Amino acid sequence: MGITTRFTKLTLATIGAFALSSSIALADADDNELVIEGMKMTTMVEGAEDGPVDEVYSGWRFRSEETQALETDDFENPAFSAVDRGKELWTTVTGSEGKSCASCHDKAEDTMKGVRASMPKWDKATSKPITLEQQINRCRKDRLGAEKIKFDNADMLAMTSYIGLQSRGMPVNVDTSGPMSEWAEKGKKIYYTRVGQLDMSCANCHEDNYGKRIRADHLSQGQINGFPTYRLKWNGLGSVHRRFKGCMKNIRAKPYKVGGDEFVALELYVASRGQGLSVETPAVRN
Amino acid sequence: MAKSKPRVKVPKKAAKGDIITIKTLISHKMESGRRKDKKTGELIPRRIINHFKVEFNGAEVFSANLEPSVSANPYVQFKAKVTESGTFKFTWTDDDGSVYSTEKKIAVE
Amino acid sequence: MNVTRRQTFMLGAGAVAFATLGSQATIAFATEESDKLIAEFSGGKEATAGKIKLKAPEIAENGNTVPISFTVDSPMTADNHVASVMLLALGNPGPAVGTFNFTPMSGEASASTRIRLAKTQEVLAMAKMSDGSIFMDKKTIKVTIGGCGG
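Chains as they are written, first to last, in our numbering: chain D, 1 to 286; chain P, 287 to 395; chain E, 396 to 545.
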């Protein structure tokens with residue numbers, strides 16, 4: 001009797017708390033405009049005719065005003081310590097060949113423009129799509145004679161955020177045609193397949209319920225136009241695959257491998273869902 | 287261990303008597319001393335930036351004593367009144383005795 | 396026993412309520428510590444509401460990085476300026492957040508920073524003037540246990 005009463009009290013308190021939070025917070029994406037360092041970003045595009053949603057929204061539109069403000073200024077944006085490090089690493093010699101990224105790629109501001117906007121790309125060598133992290137590791141191993149590093153290694157995040165920044169403001173533009181279409185389909189299947197103890201798919205939250213709250217989190221469409229993203233929760237930057245992994249853990253599913261075929265396919269598909277949104281890398285989210 | 291790197295934003299020039307905004311940040315974990323090591327269950331010892339000092343042409347303008355409730359990568363924004371050209375010196379002190387500093391010049395007419 | 400998704404969410408949601416209830420022992424400790432810090436800072440002087448304005452979000456999306464700022468109404472002259480401002484997070488296990496020390500060369504006694512809040516609580520800003528007078532402002536910040544994904 002006692003336990004039931006306490007649970008009921010808690011339940012009522014929770015309902016009360018939820019009622020309170022729904023009245024304060026917006027249920028949908030807000031109308032705010034994102035301008036970063038004077039550059040206007042596209043945070044909403046009309047969905048494709050046969051597309052899954054009517055309007056495609058950047059995750060920025062679902063965050064609180066304070067979190068949104070952090071992304072508008074490159075000093076306020078906590079990711080920029082890593083970007084500075086990336087800029088440093090770009091010209092730092094590493095590995096057995098005595099080279100740095102700059103040895104082949106000159107100035108990142110010129111040569112890396114648009115690169116991140118169209119990742120993952122088709123890779124002839126492996127006959128698979130390749131992510132930015134994998135491309136960096138390929139260069140490290142084959143050109144620099146350096147060790148591969150993990151997707152969420154601090155130096156890797158410094159590189160992906162610095163390189164990603166060179167595409168900021170450009171529209172996400174992944175190619176899902178030709179050999180890529182099979183991988184996009186694979187990713188789409190993963191997106192819509194229920195998994196885990198909670199028996200949920202990506203779509204259950206990010207397509208069916210975006211704009212609503214799950215506990216206290218304001219659900220976005222799960223777009224990845226801002227990755228690598230600085231998450232307040234992580235107190236740092238993280239990769240797309242890290243985020244995917246976390247979502248799968250939340251629904252009590254065994255996550256796919258970071259850098260594995262499933263997550264690469266999923267990354268390609270999810271990127272295509274955000275086609276046309278501005279790259280916001282490095283974005284700030286909760 | 288990542289080295290703590292300061293970032294500072296100071297306007298390059300100002301008019302005499304202007305009150306300028308200065309933004310500062312230093313990358314630092316700000317280990318509160320309240321977290322437990324997941325593997326051993328032991329408390330991770332505290333290690334934070336505990337003091338931040340700002341001097342202009344040698345004179346102290348502003349300072350802050352920071353505690354573990356300040357977020358990682360401590361961000362501090364404040365104001366300063368400038369009446370002459372000179373150099374701002376920013377100094378951060380770590381619990382472990384390390385001192386990090388950087389300088390920025392400003393032209394005041 | 397089949398746990399439905401709804402039940403799981405409700406159980407999880409209960410944690411949100413817990414965040415605001417807290418534990419009695421923690422609150423008592425923080426109050427003692429806060430009282431001590433306030434007494435030390437104010438030299439026992441009575442604090443008046445006003446002059447200092449604390450700006451904080453109503454709801455913090457994540458308790459580990461909450462942006463807050465304050466400004467104090469003061470001419471900032473040699474004879475009449477703000478000496479220091481102390482910030483306390485009254486519900487944190489260690490309520491001390493920081494003390495900001497100003498001089499007439501500050502021009503304006505204001506500052507912004509980012510703080511950690513363990514749960515929904517009041518944040519207190521206390522200003523000590525050059526003549527020893529004490530002013531204060533308080534704000535309640537709701538801290539959510541949100542943020543899916545890793």
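None of these hints come from the bench; they were simulated from the model.
Check before you lean on any hint, since a few could be wrong.
[As the list claims (entries may be wrong)] No farther apart than 20 Å at their CA atoms in a straight line, the calculated lysine to aspartate or glutamate pairs in the EDC-like style are these:
hint, chain 1, residue 1, chain 2, residue 2
1, D, Lys121, D, Glu33
2, D, Lys87, D, Glu76
3, P, Lys291, P, Asp381
4, P, Lys291, D, Glu182
5, D, Lys233, P, Asp323
6, D, Lys189, D, Asp175
7, P, Lys298, D, Asp73
8, P, Lys298, D, Glu37
9, P, Lys309, D, Glu182
10, P, Lys309, D, Asp175
11, E, Lys533, E, Asp430
12, D, Lys40, D, Glu88
13, P, Lys298, D, Asp175
[Unchecked claim] Some but not every residue of chain P turned toward chain E, in silico, with C-beta under 10 Å:
hint, residue
14, Ser349
15, Leu352
16, Pro360
17, Lys365
Model, not experiment: these values are computed from the prediction.
No residue lacks a Cβ here, since even glycine has one placed at the ideal position from N, Cα and C.
Against the structure, the hints come out as follows:
The hinted pair formed by Lys121/D and Glu33/D fails the criterion: a straight-line CA distance of about 30 Å is larger than 20 Å. As the CA atoms of Lys87/D and Glu76/D are separated by approximately 18 Å, the hinted pair is consistent with the 20 Å bound. Between the alpha carbons of Lys291/P and Asp381/P the distance comes to roughly 16 Å, so the proposed pair stays at or under 20 Å and holds. Between Lys291/P and Glu182/D, the direct Cα distance comes to roughly 45 Å. Violation of the 20 Å bound is thereby established for this hinted pair.
For the proposed pair Lys233/D and Asp323/P, the alpha carbon gap of about 18 Å is at most 20 Å, so the pair holds. This hinted pair checks out: Lys189/D and Asp175/D have alpha carbons roughly 18 Å apart, not beyond 20 Å. Annotation: proposed proximity of Lys298/P to Asp73/D holds, straight-line Cα distance about 18 Å (limit 20 Å). A distance of roughly 18 Å separates the Cα atoms of Lys298/P and Glu37/D; the hinted pair therefore holds under the 20 Å criterion.
A distance of roughly 49 Å separates the Cα atoms of Lys309/P and Glu182/D; the hinted pair therefore is violated under the 20 Å criterion. With a C-alpha separation of about 41 Å, the suggested pairing of Lys309/P with Asp175/D is violated against the 20 Å cut-off. For a cut-off of 20 Å, the pair hint linking Lys533/E to Asp430/E stands: about 15 Å separates their Cα positions. In summary, the hint linking Lys40/D to Glu88/D is not supported, as the alpha carbons are separated by about 28 Å, beyond the 20 Å threshold.
Between Lys298/P and Asp175/D the CA atoms are separated by roughly 44 Å; this puts the pair beyond 20 Å, and the hint is violated. The interface hint given for Ser349/P is met, as the beta carbon of that residue sits about 5 Å from the closest beta carbon of chain E, less than 10 Å. Using the Cβ-Cβ criterion of 10 Å, the hint placing Leu352/P at the interface with chain E is satisfied: the shortest such distance is roughly 5 Å. The interface hint given for Pro360/P holds, since its Cβ lies 7 Å from the closest Cβ of chain E, which is under the 10 Å cut-off.
Using the Cβ-Cβ criterion of 10 Å, the hint placing Lys365/P at the interface with chain E is satisfied: the shortest such distance is roughly 4 Å.
Violated hints for the displayed structure, listed by number in ascending order: 1, 4, 9, 10, 12, 13.
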